[in-house]
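> The residues making up each chain are set out below.
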Amino acid sequence: MKDNISSSPILNIVSRILFAPIIIFGLYVQFHGDYGPGGGFQAGVIIAAAFILYSMVFGIKKGETLVPIKINQYLMCIGVLLYAGVGVVSIFLNGNYLDYNVLASDSSSGQHLGIILVELGVGITVATVMIALYHSFASFRIKDD
Amino acid sequence: MNFLIINFFLISILLLTTFYIFKTTSLISVVALTGIFTLVCAAIYVNLDAVDVAFTEAAVGSGISTILMVMAVAKLPEGKKNELLNLFPSILLSVSIVIVLLLIITNLPLLGDPNAPIHLHVTPEYIKESKSIFHIPNVVTNILASYRGFDTLGETIVIFTAGLGVIVLLTSNTLNRKTKFKKKVKK
Amino acid sequence: MVSGLFIIITSQNYIKKIVGLAIFQTSVFVFFVSLAKIIDGTAPILNSTNDVYSNPLPHVLILTAIVVGVATSALGLAIVLQIYKNYGSIEENEIKKVELKENN
Chain A
0 MKDNISSSPI LNIVSRILFA PIIIFGLYVQ FHGDYGPGGG FQAGVIIAAA FILYSMVFGI
60 KKGETLVPIK INQYLMCIGV LLYAGVGVVS IFLNGNYLDY NVLASDSSSG QHLGIILVEL
120 GVGITVATVM IALYHSFASF RIKDD
Chain B
0 MNFLIINFFL ISILLLTTFY IFKTTSLISV VALTGIFTLV CAAIYVNLDA VDVAFTEAAV
60 GSGISTILMV MAVAKLPEGK KNELLNLFPS ILLSVSIVIV LLLIITNLPL LGDPNAPIHL
120 HVTPEYIKES KSIFHIPNVV TNILASYRGF DTLGETIVIF TAGLGVIVLL TSNTLNRKTK
180 FKKKVKK
Chain C
0 MVSGLFIIIT SQNYIKKIVG LAIFQTSVFV FFVSLAKIID GTAPILNSTN DVYSNPLPHV
60 LILTAIVVGV ATSALGLAIV LQIYKNYGSI EENEIKKVEL KENN
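Residue numbers (numbering that gives the first Met the number 0), protein chains in the order written: chain A, 0 to 144; chain B, 0 to 186; chain C, 0 to 103.
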C-alpha cells in the first residue's frame, strides 16, 4: 500500500490553515482546565488530532519528519515521569506523595501549580500515545515486502 | 419533563444503532455506526450535566477511536455473513442478565433524587473545599488531579502501556507464527 | 448493555467483537453518569448563581475510563491485525479450521 498523498488543493490548503488553530485550541483546553470543562485528557487528544490530520493529508513520511518516532517515544516517557516526579518533589518538600499543598507558599497556589503540572504530564502522554498509535497503524503492512 | 423526553429519544437512537451494528456485515459501516453511537452518548452526557465527560467522549470516543478503527479496517478483508455462534445459550444468558438488572434497578434511588446516598458522602466536602480553600471552579479537574491523583496516575500508566503494546505488536518483525512454530518443532 | 454482550458472544468477526465490547463499555458509562444527575442541578463548575451541582465524582471516574477504553480497544485492533497477518482471516470459524489442519 502506498501513501495516498492528496493532490486536492482544497484539502491541502484547509488542513494547512486549520493546523495552528487546532493546536491553540488544545493548549487553551489544557491550561483552562481549572476554570472550564477540559483538562489533560481532552487537550492531549485535540493536539494529537492536529498531527494526525497533517499526516493523513500529506502522507505518513512527512508526518514522521514532523514528529520523529524517537522523540515521540521519549515524550511518552517524559509525560508519565513528569506526573510521577511531581509526587516525588512533594515528598522532598515534607509532604505526602502527590500532596500539592507544599509546592508553594500557601495551599491554594500550591494546588494550582500541582494541578497544572500534573495535567501537563497527562496531556503530553495522551497526545504522544495517540500519535504513536496512528503512526503504527498507518505504517503496518499485512504482506511483508 | 423535557429532560426525560430528550433522554428517551436519545436512548431509542442508541438501541436502533446497536440493532443495525448487530445486523450489518460490512465492517466499514459497523465502524461508522460506532461513531454515531458514541456521538449520541456524548449528547446524553450533556443532557445529564456531565460536560467534561461529554467533551472527552466526543473527542476521544468518536474522534480518535473511529480514525483508528478505519485505519485497521482498511487493511482487513470485508466481513462475511456467517451463522451466529451459540445462539440459544446467549439468548438465555442475555435474558437472565436483563431480568437480574431490572430487579436491581427497582432498588436504586430515583433518577435525580438529591438525597440519594451517592450525593451525601464525600462530594459536598469536595465542592465546599474547592470553592472556599482552593478557588478552583472546575470541581472535576480538582478531583481528577488532586483528590484522586493516584487513580489518574494509574490511568496514565495504563494508557502508556497500551501505547507501548501497540507499538510492539505492529512494528516488530518477530511475531510471525509460522517461523516460530517451526523452530519449536525442530527443537 | 446486554446487546453489547450479545454481539460479543454471537458474532464470528473479531472487529465486531471489539465493537461489541465498546458498546458494553459505553453503556456502563452512561449508567454511571446517570447516577450523578440531580434534578435542577447544573454542571459541576462553580459559579455564583447556582447552588446545586451534579455529583462530580462519577464524572472523574468515567472521564479517565473513556480514554483507557480507547487505548485498550486500539490494543485489541492491533492484535486483530497480527492475527490476520498470521492466519489470513479474521473470522473465528475459519481460524479454527486452519488450526485443526495444522495439528493433524
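What the hints contain is simulated information worked out from the structure, not anything from laboratory work. Wrong hints could be hidden among the right ones.
What the hints assert, rightly or not - Just the calculated beta-carbon pair ranges, DEER-fashion:
#1 A:L92 - B:V99: 49 to 55 Å
#2 C:F30 - B:T24: 45 to 51 Å
#3 B:N106 - A:S104: 36 to 42 Å
#4 C:L99 - A:I77: 21 to 27 Å
#5 B:P108 - A:I70: 46 to 52 Å
#6 B:L3 - C:K95: 44 to 50 Å
#7 B:K79 - A:G58: 29 to 35 Å
#8 A:S104 - B:L102: 52 to 58 Å
#9 B:L102 - C:N49: 34 to 40 Å
#10 B:I98 - A:N11: 53 to 59 Å
Unchecked claim - In silico EDC-like links for lysine to aspartate or glutamate, alpha-carbon gap of 16 Å or less:
#11 B:K79 - C:E98
#12 B:K22 - B:D112
#13 B:K80 - C:E91
#14 C:K16 - C:E101
The structure presented is a predicted model; accordingly, all values stated were derived computationally and were not measured. Where is the CB? At the ideal position from N, CA and C, for every residue including glycine.
> Which of the numbered hints above does this structure break?
Hints 2, 3, 4, 11, 12 and 14 contradicted; others consistent.
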